[in-house]
Every structure is written in C-alpha cells, then in structure tokens.
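Enquirer: The lines below spell out each chain.
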Amino acid sequence: MTNGDRVQMLEALLARVIRNRGAAPHHAPTPAAPRVTAAPVTATPPMPFVTPVAAAPQAPPVETAPPPPEAPPLSPASWHPEPGSAVQPRPGTLPPESVPSEELGEDDLLEVTTIPPDAVEIDADAAREPRLSELPVLEPDTTEVSEITAVGVRISAGTLDEALASAARLDNDSLEGEREVPLKTPPPESGPQEALPPTGLEAARTPDVDQLEADLISPPSLGPTAEQLGETIELEAPRGPELEIDVTVEEPPASLEQAPTEELEVALPRPSLQSGMYDLTAPPPAEYPAPTFAEAPVSVPADREMQTMPVDVPADTGPDRTSRPALGATDVARVTLGAPAASKTFVELLDASLLV
Amino acid sequence: MGTPRFDPTHSLEFNLDRGSVKLSGAIERVLLPADAVAALVRGADTETRRDFARRLGTEAGRRVAERLDASAGPEAVVEHLGGEVALMGMGSLGFERWGRVLVMTVQGSPLRGEGDDLLAGLIEGALQRGFGRTASVVPLQRDDSLVRLLVVSSDAAERARGWLGSGVSWGDVLSRLNGSGSAS
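Going down the list, the protein sequences come from chains A and B.
Going by numbering that gives the first Met the number 0, the first sequence wraps up at 355, each residue one higher than the last.
Going by numbering that gives the first Met the number 0, the second sequence wraps up at 183, each residue one higher than the last.
Read the hints as simulated data drawn from the structure, not as lab findings.
Predicted model only: the values in this text are computed from it and were never measured.
Even glycine gets a Cβ: it sits at the ideal position worked out from N, Cα and C.
Since no wrong hints were added, every one of them can be taken at face value.
Computed, partial: chain B to chain A, Cβ under 10 Å:
1) Glu-74
2) Gly-98
3) Val-100
4) Leu-101
5) Val-102
6) Thr-133
Whenever a hint applies, use it, and build me the whole structure from the sequences.
Expert: Structure representation (structure tokens):
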C-alpha cells in the first residue's frame, strides 16, 4: 500500500466520519449545556477498566453501524446520560431508514458509538470539512492510531509509541484511583492484608526519641550547633573519667573449716541459791577437763653461744643522777570527822511546829 | 547530862489484899474495859472529853518532866512520854516530823477512832504540863491501827480542821501548813 492509497483511505474515512457527524445535531446538547472545548481524553475517566464490549459489541460489525445522520433527536425521557460517567449505553433507537447502509470492509472496522451530548462537543472548526493538505502525512515507520471508542473520538496519539505511553499513563492513573482498602473484610484464607495508612486523617506523630535524648544529655554548648555549621560535624571530646574495667579473677577463699561446735552447758543455779551465786559443788563440764600440768610441754631455752666482747668503760665517767631529797617521817594523811549536826531538842522542834 | 532511859520496873503495883492498882508515884488507878471507856467518852460532851483527856495528859507530863529537862531530845521525849501512855494502856506513841510540823502517832489505841479526841487532849495536857507549851492537837489521819495527831498552834489547828472538813487530804494539809509557815 502506498502513501497515496493511505491518503485515499483516510480521506474516505474522514468523509465517513463527517457524514456520521451529520447525525450529531440530533444529539446536540441543550443550549444551556456548557461547551467543552478541551479534548475529551482529559475529561474522561480511564478507559482500560471500561468494558467496551458491553457498550458496543464488536461482532457483527453490521450491528455496530453508526446511526444515520438523519436520526431523529432523542427525547430526554428516552435516554438519560449517567452523570459523571463517560461510558454511556447506546440508545435503543435505530437509525432512520433514510440513511443508506454502507458496507464496510475489514479496514473500516472501527468501534463507533454514540457519545452523550454533554460529554463531547466538537467545535465548529472541527465540524468543517478538513482539507487534504491539513491531514498529517504519515511516515512509513510510524503508525497513526486513530481510535473511536465508546467515549468518543479519541485522536490523541500521533504515533503508536505515544499511544502506548498514554495507555500506560491511563493504566497508572486508574490503578492509583482504584487502590483502596476493601470495604469488605477479606476472608481469613486470603492471608495477611496490607494495612494502608488512612487517607483522611493525619497519622499520629511519633516523637523522635533520639533527638529528645540528645537534647537532654548534651550540655548547653556556647558554640554553634552542627546544623549551623552546615555539614561540618565535630564530635565532642569524651566527658567524664575514663572507665577502666579491672578484670580481676577473685579466687575463692580458702576453705574455712568450720570449727566444731562447742556445747556450752552450764548448770543453772538451783532455786535454793540466791541470784548470782554459783554452785561450787557442781562438777565442771565434760568438755573442759581439769588441766594436767604434768603433760604440759616444758619450755626449755635452747643453748646459745656466748661470746664476751671486751668494752673499755672509764670508771670515772658515770651518769649524773638527781635523786629526790628525803622527806623523813611525817603524817601525810589527816582524817577529820565532820561536826555532828546540831540536834534540836524536842522543845525547839515543838516551838517550830507551833509557829506554823 | 545524859538522858535516863525509861524504866517501867515496878511502875504498876497491884495490891490484891486491898484490891487496888497503883502506879508508882501516882494515885490509884482503875482498870476499866476499853469499850466502856469509849462509850463513856462518846456520851460526854466536848468540854468534858477535853477536860478528861487533859487530866490524863497532865499527869503523864508531870512524870516526864520529873525525868527530863528542856534539853531532852525528841527521842527521849517519845521514850518517856510514850512509856507513860503505854502504862495507861492507850497505845504506842510515835513521833514524826513533816517539815516543821510535828505529828504524834499512836499505834494500837484500844479506843480506836472513838478515842482519837481523847488522845489529842492527852497530848495537849502532857505538852502543857511537861514542857510548858500550849499546843493544839488535831486528829489528822487514821487507819485501822494508827492515828496521826497534828501538833500545831491554835490558829494552824483551826485552818487544818477547815481543810480537812472540806475534803483536803492530810498530805495537802501538811504541805499547806509548811507553805504557809515559810511564807510568813
């Protein structure tokens, strides 16, 4: 197929599209409806999760023929677009008889569905008949993808690569939109579920324990902090005395032989004796027998070698001694008796009592 | 001069032929039952009891004064005066000093509580006759066998009677008497 053939085919396709658009006034929105000039691709939700089969079955192609241009306008009561959704069911109305059917080849198999009047509105410029010179010239190594889906005319990708990239973006967007926590409790057989953070509420903030400890432990520094110095971090010198671990192996003490217990038996004084008196007639305890002096070892000093060392001592050089003078016989102590208390006579006592 | 000991030998003489009891150096005695004397004392008025008691004390004081002089100590007085009281069968005399206050005690009086006033008058007469001092003796305290007799002036005796009548204990009476004496 040459480029000319492709141009012709595209022209035919364009004419057919234009012809099909002739039925658009029947679905034209009410004058009050806002005009949407932007591309419908940006306004429509992602398509990969839309089952176009339900909206427009692909086979047979004849049944999916577009409605004729002269199709009568649909009454609002017969078809109501679902708000917020670009996937609209096809109206049950059939195209009018005036529109001649047209046979389509395999190359013309396109999925053409009606679009809601408020979903897409094509500008008046787009409604004009395109010129051949305005059509893009396709390069041999590129493939222009023109897709008419149930959403509407979707001609956004210039090349196949762009279309694939766009589709990938749409897939990502749709996946992000559908990542929600399932409302239904999964069965236990499904295994552990990923607990996603709540989207509406702010998660509780956990305190930075390390930072708090550092603030408490670190002494107030007069110099700039590490943050003030940028990336320069100087480690402070170790504070406090150096800890030295003296590893000494403490040997167990020598086994202390426990001294045999002594039974100190003391005969209690008999009740007949007064307190603090001992019964001398009671025999001593058996543990303390009377010592036998004959068996005691006799300490005998060992014989020592005696050697005489001659020392010359002058006879006239003796120590000066001072002796206390003799006092002689005298009465050292003198004991005197205190004068007896003057005893009062009975008369004196009587007089004292009478003076009371 | 030493104080002679009280010698009661042959102090009481019974003449059975004559049917009399005579105390040495004194007039004849009459041996009477104690309960009878107590009943007689109980029936007599206050002045009669006082006179009767003083007469008994005056004779005892005279006998003590014959043997003791003014320099006699309290022990000698108690010994001799107590001997005379004992010969009369009125009990055992004692002597206490509570501060400056003299207290005579009589142990084992046969008249018991009914003879306390009689003993008080006896001591008053003895002190008057034997030592020439006018003293007022007030029964201060008594138990089963002992009676304490307060020997004070007449004014102090009136105060002591008033305190005792108002319920003041005999110890407090002695304290008050000593306190009042030191204050004065």
